[in-house]
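Protein chains in written order, with the numbering used here: chain A, 1 to 447; chain B, 1 to 137.
In case anyone wonders, no lab produced these hints; they're calculated from the structure. Cβ coordinates follow ideal geometry from the N, Cα and C atoms, glycine included. Be aware that a few hints might be false.
[To be verified] Just a sample of chain B residues kept apart from chain A, beta carbon distances all over 10 Å, derived: (1) Lys74; (2) Asp107; (3) Ser117; (4) Asp123.
[To be verified] Simulated pairs of lysine-lysine, DSS-like, Cα-Cα distance not exceeding 25 Å: (5) A/Lys292 to B/Lys74; (6) A/Lys83 to B/Lys89; (7) A/Lys206 to B/Lys78; (8) B/Lys111 to A/Lys55; (9) B/Lys132 to B/Lys95; (10) A/Lys292 to B/Lys95; (11) B/Lys73 to B/Lys111; (12) A/Lys292 to B/Lys47; (13) A/Lys292 to B/Lys78; (14) B/Lys111 to B/Lys49; (15) A/Lys292 to B/Lys73; (16) A/Lys292 to B/Lys89; (17) A/Lys292 to B/Lys46; (18) A/Lys273 to A/Lys401.
[Stated by the list, open to error] Distance windows between CB atoms, simulated: (19) A/Asn426 to B/Gly96: 32 to 42 Å; (20) B/Ala20 to A/Gly156: 47 to 57 Å; (21) B/Lys49 to A/Ile290: 23 to 33 Å.
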Amino acid sequence: MKKLSCAIMLVSIGLSPLSNAEINFRGFGSIVGGQAMSVEPDETVLGYGDTWDFKQDSLMAFQMNADLEDGLTATLQLVSRGKNDYEPQVRWAYLSYQATDSIQVSAGRTQAPFYRYSDFLDVRYTYNWITGPDRVYNFDYPSFDGVSILYSNSIGAVDSTFQFVGGVLDSESDSEDTAGVIFEDFYGASWVGTWEFITGRLSYLKAGVTLESQNIASLVSGYESLGAGMLGVAQGFGQFAAAAGASAVGQRAAGYAASYAEVGNSYFATNDKILAFEDDGSYVAVGFSIDKGSLIIDSEFIQYDVEESLIEETTAYYITVGWRVGPTVVYGTYSREEADAPVTIAIAPGDLTSVADAIATETALPSDPVAAFGGATLQQMAIGLAQQGKGLSDTLASNNKDIVNLQLGMRWDFHPSAAFKVSYENTENKVSGFKGGVLRTAIDLVF
Amino acid sequence: MKNILMASMLSLSLAAPVFAEVVVIVNPANTANISDDDIGRLFLGKKSKFSDGSKAIPIYLAQGHAARDEFNKKALGKSSSQLKAYWSKLIFTGKGTPPNALGSVNDVIEKISTDPSAIAYIDAASVNDSVKVVATY
Numbered sequence: 001m002k003k004l005s006c007a008i009m010l011v012s013i014g015l016s017p018l019s020n021a022e023i024n025f026r027g028f029g030s031i032v033g034g035q036a037m038s039v040e041p042d043e044t045v046l047g048y049g050d051t052w053d054f055k056q057d058s059l060m061a062f063q064m065n066a067d068l069e070d071g072l073t074a075t076l077q078l079v080s081r082g083k084n085d086y087e088p089q090v091r092w093a094y095l096s097y098q099a100t101d102s103i104q105v106s107a108g109r110t111q112a113p114f115y116r117y118s119d120f121l122d123v124r125y126t127y128n129w130i131t132g133p134d135r136v137y138n139f140d141y142p143s144f145d146g147v148s149i150l151y152s153n154s155i156g157a158v159d160s161t162f163q164f165v166g167g168v169l170d171s172e173s174d175s176e177d178t179a180g181v182i183f184e185d186f187y188g189a190s191w192v193g194t195w196e197f198i199t200g201r202l203s204y205l206k207a208g209v210t211l212e213s214q215n216i217a218s219l220v221s222g223y224e225s226l227g228a229g230m231l232g233v234a235q236g237f238g239q240f241a242a243a244a245g246a247s248a249v250g251q252r253a254a255g256y257a258a259s260y261a262e263v264g265n266s267y268f269a270t271n272d273k274i275l276a277f278e279d280d281g282s283y284v285a286v287g288f289s290i291d292k293g294s295l296i297i298d299s300e301f302i303q304y305d306v307e308e309s310l311i312e313e314t315t316a317y318y319i320t321v322g323w324r325v326g327p328t329v330v331y332g333t334y335s336r337e338e339a340d341a342p343v344t345i346a347i348a349p350g351d352l353t354s355v356a357d358a359i360a361t362e363t364a365l366p367s368d369p370v371a372a373f374g375g376a377t378l379q380q381m382a383i384g385l386a387q388q389g390k391g392l393s394d395t396l397a398s399n400n401k402d403i404v405n406l407q408l409g410m411r412w413d414f415h416p417s418a419a420f421k422v423s424y425e426n427t428e429n430k431v432s433g434f435k436g437g438v439l440r441t442a443i444d445l446v447f
Numbered sequence: 001m002k003n004i005l006m007a008s009m010l011s012l013s014l015a016a017p018v019f020a021e022v023v024v025i026v027n028p029a030n031t032a033n034i035s036d037d038d039i040g041r042l043f044l045g046k047k048s049k050f051s052d053g054s055k056a057i058p059i060y061l062a063q064g065h066a067a068r069d070e071f072n073k074k075a076l077g078k079s080s081s082q083l084k085a086y087w088s089k090l091i092f093t094g095k096g097t098p099p100n101a102l103g104s105v106n107d108v109i110e111k112i113s114t115d116p117s118a119i120a121y122i123d124a125a126s127v128n129d130s131v132k133v134v135a136t137y
């Protein structure tokens, strides 16, 4: 943590300083190597394949802080990640003003308080894991641009810090690996309280969420073409029914036309619910930790949901128990993530299977190929669309998640400014059956 | 033979770290009441004023001084790595800056004897009349 006085530098090169700013340069970094174990060649665990990789979690960061006196500071922090080919990103760029002893106001780019470790997630020297427990920390929230107010106070032996934030998160302005998430009208608050060796934390955040995902876009166009196809089939049955008049088959055809029209229209109607476009999102997190002598316990629980969207309501938590012996910490972490597929959306358009079964038994339907159906007959098209719709609903409904990660690891402070870490983490998806492990080693430093 | 062994063990245990105590010092003109709790908060940046409301400037000894490790352990309850992690959290999130560290005990004494708002720690043996001891660890 070396200091460089701006005033001295400027004077020494013959310029007079604009202000008495004292500028500090600091930094931190992590070099992480890892390899997935017992996986197929194309499978990955936490981003690691079956050969050694030194880029996935490695990073270097640099911070410049200018103290303009009287409580005003300016800070810039650049982080270069191995997985982005070390292309620097601006993670923090803000002005901060210490209004009173207990109130600090910051404006610009900072990190929103989603997780307990959100603020210093990249400064891995500050915690014992190699990276935050993956089942909770697997979403890399983009930087937050806006205003943050920090209020600290002490009531008796409890030290509290409240943070209030308001602004926008936009991954487009941040990194390429978290493509297309925008949180508008973003606001929320968090509280961290420490009493002796116990720390508690709460946070609640809300935003209008827009997700620009290729998967969602293709699902929307899939729903649209299914809907259009069903309306075409409905029209075909309607024309047949009109021509067949009051005969039994004509009446049945009128019924088929009504069913296909209803379900076809509901595919169009459901599209609004698939698209995440300024939909109400909410996020809540609760956590606590105990750090007493040798014993370390750390736990967080998070839950988030975006209404009227395909984003699953997700619950995740972890608990870490560790033991400190001199410069060494050994720990185990259990983390779990559960997500319920938005079944209401998947099922909402309606199931035409039984109608299609009835259509399949018809013998008097027109047998001439229809150009609009790609050369299929009305009967073939009706049955095919019903199967496609059912298949899509089943796929969406199977997006349930229940993933459990177990991790064993060690940290060793081998140097006053650096730590060596090693961990083995096992992951199992109880829904899909996928299993795998990853071995990682890391050196974290601050300077 | 047994006695020799006993004696050597005894001498070993006597030679083992009988480390000099660490004392917290302020300027003799500073009359504020300073509790152990105040010391912990001041040196962790949780507080910036003495109990009488006057400004407090804590000063660390540079890394490598035995008194620093001793103070960190006894007064702050942290190893030097834990203290570094503690400050890193604050530095890289804009929530605080660590106190300045001075390289020698003489510099610390010099600073304390001339600055009524300064507070620091040194090994007990180095104390002289120009500073006032407010706590011993």
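Against the structure, the hints:
1. Lys74: holds, 14 Å
2. Asp107: holds, 16 Å
3. Ser117: holds, 15 Å
4. Asp123: Holds, because the least Cβ-Cβ distance between B/Asp123 and chain A comes to about 20 Å, which exceeds 10 Å.
5. A/Lys292 to B/Lys74: holds, 14 Å
6. A/Lys83 to B/Lys89: Satisfied, since the Cα-Cα distance of roughly 24 Å is no more than 25 Å.
7. A/Lys206 to B/Lys78: violated, 37 Å
8. B/Lys111 to A/Lys55: Status violated; Cα separation ~47 Å.
9. B/Lys132 to B/Lys95: violated, 31 Å
10. A/Lys292 to B/Lys95: Distance of about 24 Å is within 25 Å: holds.
11. B/Lys73 to B/Lys111: Holds - the C-alpha atoms of B/Lys111 and B/Lys73 are around 24 Å apart, at most 25 Å.
12. A/Lys292 to B/Lys47: holds, 23 Å
13. A/Lys292 to B/Lys78: Distance of about 11 Å is within 25 Å: holds.
14. B/Lys111 to B/Lys49: holds, 18 Å
15. A/Lys292 to B/Lys73: Satisfied, since the Cα-Cα distance of roughly 13 Å is no more than 25 Å.
16. A/Lys292 to B/Lys89: Roughly 19 Å between the alpha carbons, so the hint for A/Lys292 and B/Lys89 holds.
17. A/Lys292 to B/Lys46: Holds, because 20 Å separates the two Cα atoms, which is no more than 25 Å.
18. A/Lys273 to A/Lys401: holds, 20 Å
19. A/Asn426 to B/Gly96: 32 to 42 Å: Taking Cβ atoms as reference, A/Asn426 and B/Gly96 lie about 38 Å apart, which means the hint holds.
20. B/Ala20 to A/Gly156: 47 to 57 Å: Because 34 Å falls outside the window, the suggested range is violated.
21. B/Lys49 to A/Ile290: 23 to 33 Å: For B/Lys49 and A/Ile290 the Cβ distance comes to about 30 Å; the hint holds.
In summary, the numbered hints that this structure violates are 7, 8, 9, 20.
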